[in-house]
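Participant: Chains as they are written, first to last, in this note's numbering: chain A, 14 to 269; chain B, 238 to 548; chain C, 18 to 288.
To be clear, the hints were calculated from the coordinates, so they are not data collected in a lab.
Hints should not be assumed to be uniformly reliable.
Said to hold, decoys possible - Derived lysine-lysine pairs resembling DSBU-like cross-links, with alpha carbons at most 30 Å apart:
| id | chain 1 | residue 1 | chain 2 | residue 2 |
| --- | --- | --- | --- | --- |
| 1 | C | Lys-118 | C | Lys-288 |
| 2 | A | Lys-104 | B | Lys-451 |
| 3 | B | Lys-423 | B | Lys-382 |
| 4 | B | Lys-382 | C | Lys-288 |
| 5 | A | Lys-179 | A | Lys-266 |
| 6 | A | Lys-266 | B | Lys-451 |
| 7 | A | Lys-179 | B | Lys-423 |
| 8 | A | Lys-179 | C | Lys-118 |
| 9 | C | Lys-118 | B | Lys-451 |
| 10 | A | Lys-104 | A | Lys-266 |
| 11 | C | Lys-118 | B | Lys-382 |
| 12 | A | Lys-104 | C | Lys-288 |
| 13 | C | Lys-118 | B | Lys-423 |
| 14 | A | Lys-179 | A | Lys-104 |
| 15 | C | Lys-288 | B | Lys-451 |
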Amino acid sequence: MPNALRIVQRNALVYRRTWRGNVLMTVVQPVLVLSAMGLGVGALVDRGGAALPGNVPYLVFLAPGLLAATCMQTASFESSFPISGKMTWQKNYHAIAGTPMRIVDIVAGELAWVALRLLAVSVAFTAALFAFGAARSPLVLAAVPAAILTGLAFSAPIMAFAATLKNGGNFNALFRFIITPLFLFSGVYFPVTRLPEWLQRAAPWTPLYHGVELTRGLVLHTLTWPSAAVHLAYLLVMCGSGTVAAVWTFSGKLRA
Amino acid sequence: MPSASGPLVLARALRKTFGSFTAVDGIDFEVRPGEAFGFLGPNGAGKTSTMRMIACASPVTSGELRVFDRDPRTDASAIKARLGVVPQADNLDAELTVRENLLMYARYFDIPQRVARDRAEELLAFVQLAERRDSQVETLSGGMKRRLTIARALVNEPELILLDEPTTGLDPQARHLIWERLYRLKRQGTTLLLTTHYMDEAEQLCDRLLVMDKGRIVAEGSPRELIARYVTREVLEVRMTDEVRAANAGRLATLGTHLEHLPERLQFYADDGEQVLEQIHQMGLPVERALVRRATLEDVFLRLTGRTLID
Amino acid sequence: MPWPELLTMRRDEVPSLRRALRMVQRSLMVYRHSWMVIVSGFFEPLFYLLSVGVGLGGMVSDVGGISYTAFIAPGLLASSCMNGAVSDGFFNIWFKLHYQKTYDGILATPMRVSDVALGELLWALMRGSIYATTFLVLVAVMGEVWGPPVLLSPTALLAAPAAIIVAASFSAMALLLTTLVSRREQFDYVMGLLVMPMFLFSGIFFPVSQMPSALWWVFQLVPLYHAVELLRGLTTGHVAPVLLWHLTFLLLGGAAAFVAAMRRLDRTLIK
């Protein structure tokens with residue numbers, strides 16, 4: 014594990030040069046999105062009088078889902094271009110693999126770094142929730158680990174994929190045809206029960222759905238133990254199998 | 238149109254400044270049709286700035302510059318239509334394949350598609366890249382990229398080719414291949430204008446040289462003339478310990494026609510190097526290593542500026 | 018730079034259409050290898066609209082007398098024009114300018130900076146036109162088949178040329194932005210402080226009238242707001258003289274941005 018921390022340390026060194034813009038995005042984004050979607054669109058929804066789980070205002074319904082979805086987006090981005098850049102373009106990993114670092118250390122280190130970024134994103138987001146009065150109890154804090162887990166469930170398999178790419182073009186397809194549709198149809202903006210029936214049945218097979226349900230359930234106190242177990246199991250299996258896959262694809266590239 | 242014998246490039250008191258920094262400090266020169274003309278000098282001598290002004294890629298600060306008897310300020314497109322440019326850093330179109338780079342470049346010159354296709358094939362063969370025609374540019378080696386850049390510069394059958402450090406950063410084999418291709422162009426009558434800080438490159442390719450330092454011209458002539466004018470026929474390189482050098486500085490200075498102190502060796506300039514070495518032996522001084530060689534442009538530059546070309 | 022100077026070009030700056038079309042030809046050659054990127058760009062607004070159509074739309078009562086789906090569709094069209102300009106015009110051109118040095122190579126030929134700038138703009142325009150017309154056609158069909166209708170008036174036919182103007186205007190502004198950004202880290206600022214706030218608050222998802230009226234003056238300076246209002250006016254048939262103001266802003270703003278971008282490009286490339 015200490016070896017993996019070297020990777021975190023390396024990324025932190027690089028981050029020292031670019032953190033300003035990044036921190037700005039991390040802090041500003043939840044504030045902007047919550048005010049536009051939560052308050053702006055929320056006013057229209059609340060006027061429409063549609064029933065939401067727990068009968069909460071739209072802002073309160075939306076916020077935890079958005080938190081999970083934001084973690085998905087951050088994790089996906091951080092695990093795509095930067096990873097394939099270090100693998101294919103700049104060949105950093107080839108250099109690192111020439112030191113006592115093992116491939117497992119590299120993958121674990123990158124995942125730890127993403128987790129740190131997700132922690133920052135979720136904390137900023139949760140702070141915004143309190144500021145907007147959308148946090149109903151301190152239990153909201155439980156949403157932070159749930160959102161981080163959601164992010165990591167995307168991070169690990171995307172890293173595995175990123176290591177195999179020759180150029181960034183394929184990420185375009187990943188974001189446009191997987192990440193964006195998940196973002197729009199996984200129950201972030203409206204309960205999945207509003208989807209056409211075939212999409213409703215498909216939702217439990219998709220990862221963001223579980224992340225959103227888990228995070229929202231914790232915040233709104235609507236979670237049951239069995240469903241919590243299912244969501245957790247799904248996300249953990251994605252993390253685990255993604256990590257194994259990443260070690261495998263990293264090895265394929267670095268030991269070739 | 239310029240007359241057949243008129244210069245292709247003519248510079249009078251040409252200057253280029255960037256803010257308070259003077260890159261080119263009032264130089265005069267002419268490039269005549271059919272010759273291979275070189276700017277020799279270390280990094281920062283002003284060679285690239287001069288080349289960029291000729292290529293219409295950089296505005297002239299003051300003085301006169303005429304290319305094909307036209308003014309780069311007002312006739313850039315007409316001048317560029319007749320130039321081939323090989324810049325110091327390759328700027329190939331990374332989003333296109335090898336062949337597409339040539340085809341697209343030809344289109345920028347309004348060369349009809351059919352002609353462009355034929356010419357691309359010829360040029361790919363000329364620079365020995367025919368087998369890589371459909372490769373993405375990023376996958377090429379440094380030497381291949383440089384050859385493709387040269388092919389690209391030939392697509393419009395230019396009257397004058399500008400080559401800025403054409404072989405810098407390449408391995409010896411790649412350099413020799415490029416020299417050989419450039420030599421062929423020269424024999425076909427194409428005018429070459431190149432910059433280099435390699436004396437062997439200047440000696441191989443150039444009929445006439447301008448030696449530049451700190452934005453000024455310090456000497457002009459053919460490689461052979463410059464050597465005859467500024468240095469002796471032979472050079473004796475001697476390595477001895479610092480103590481010996483320090484203790485015998487006065488005696489050593491009397492040997493040969495001229496002595497240069499370099500950090501790790503002494504260079505004696507003399508028409509007969511062996512004779513100087515004999516004299517050193519007769520003084521009974523311990524010599525770690527000695528070598529007699531022919532004088533080169535490197536020595537000319539050292540003599541003129543007190544510095545070496547590659548630092 | 019004073020306005021009159023921004024709106025007039027010196028004679029030697031006037032680009033040549035023939036040479037500009039060479040740049041379009043280059044883009045066509047490039048995207049022959051990666052046409053998926055272009056096709057995929059079209060799906061983003063469509064996914065958003067579907068999401069609203071099947072989900073959020075049912076939770077929102079009518080906005081100003083029109084269905085939420087019909088309200089949001091022209092906004093998404095405007096934002097896709099902006100996103101196209103940002104991804105292709107901003108990121109792509111920035112890399113060619115600072116990283117790949119593509120333009121330096123091209124400028125060694127008879128091509129001039131103004132030709133290159135116009136060429137990139139024309140290409141953006143072509144892409145924008147294809148996106149806009151396909152989007153409108155699909156939206157019309159969707160409205161007919163699944164309802165609720167999205168194009169509410171015959172003036173929606175004018176939304177296609179209007180969207181092309183929007184795309185051109187945004188492309189010119191993106192080009193100017195490209196010339197102003199010198200370091201990669203600054204992308205974060207552009208996205209976080211410019212693009213995202215515009216996307217969220219220009220009246221795409223909820224009417225700007227919900228926001229404090231003191232912000233009215235601010236909105237008059239926001240290009241995406243003008244684009245959304247113009248397109249929405251045309252698709253819903255709320256045609257009023259104020260649409261001319263939106264159109265004028267986009268045309269003049271785009272033209273000034275183009276001239277300024279050209280001059281800045283010239284200073285970056287010819288030095």
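Participant: So which of those numbered hints doesn't the model satisfy?
Facilitator: Hints 2, 6, 7 and 12 not satisfied by this model.
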